[in-house]
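> The sequence shown begins at 3 in my numbering and counts up one residue at a time.
Source of the hints: derived by calculation from the structure; they are not laboratory data.
Careful: at least some of the hints might be erroneous.
Straight-line Cα separation of at most 30 Å, BS3-like style, residue types lysine-lysine; simulated pairs [what the hints assert, rightly or not]: (1) LYS167 x LYS67; (2) LYS148 x LYS101; (3) LYS179 x LYS167.
These figures come from a predicted structure and were not determined experimentally.
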Amino acid sequence: MAGKKNKNSQPKGDSKSGGDGDKDKGGGKLKGGQKIEVRHILVSLSRPEQQCKTNKITSGVVQCKKHSRKEEALAEIQRLTRGDPKEGSAPSEPEPVGKIDPKTKTKAPTHAIFVHVAKQFSEDKANQGGSLGQQTKGSLHPEFEKVAYSLQPTENGIVHIGEAKTDWGYHLIVVDKRL
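Go ahead and model the full structure; you've got the sequences and the hints to work with.
Next comes the structure, spelled out in structure tokens:
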């Protein structure tokens, strides 16, 4: 019995890599899903807006100017996804459009749309399309991280967008891939 127990007690993979499942995903010291490539659109908060004491009241809820700016970015993502022309002017260069998601059979936002909107709206990393590069679990603001690690990564160019509010502001978040 003791010999059998020793044989079965040996790990199937390196204990630092999380066993067999993670060994196939590259192994290393981190377990699968502990590292992501992430990008965001940040609309930062100014001091008065951190307390959200300004602006308009909609349905009894006070909204900050910056919250409205985040909503504008979302509306622009939706407009581009639908392929609608921009109101009042013709675009100077072709704009990205949504593509049909094979899973839902509906138009979905693409990576190109998110990068395009990040360059217009983000107050951080805008020239990089909002890219934050590779991030390890525990290295991000807890609210940002909670949303980022719950998102599906970009697949076939289709992005899944999450939202978070942190001390820095409002974020629209996309996970490019899990590492």
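> Could you run down the list of hints and mark each one as holding or not?
Hint-by-hint comparison with the structure:
Between LYS167 and LYS67 the alpha-carbon distance is near 14 Å, which keeps this suggested pair within the 30 Å criterion. Annotation: proposed proximity of LYS148 to LYS101 holds, straight-line Cα distance about 27 Å (limit 30 Å). A hinted pair counts as satisfied when its Cα atoms are at most 30 Å apart, and LYS179 with LYS167 qualifies at roughly 22 Å.
Hint compliance for this structure: no hint is broken.
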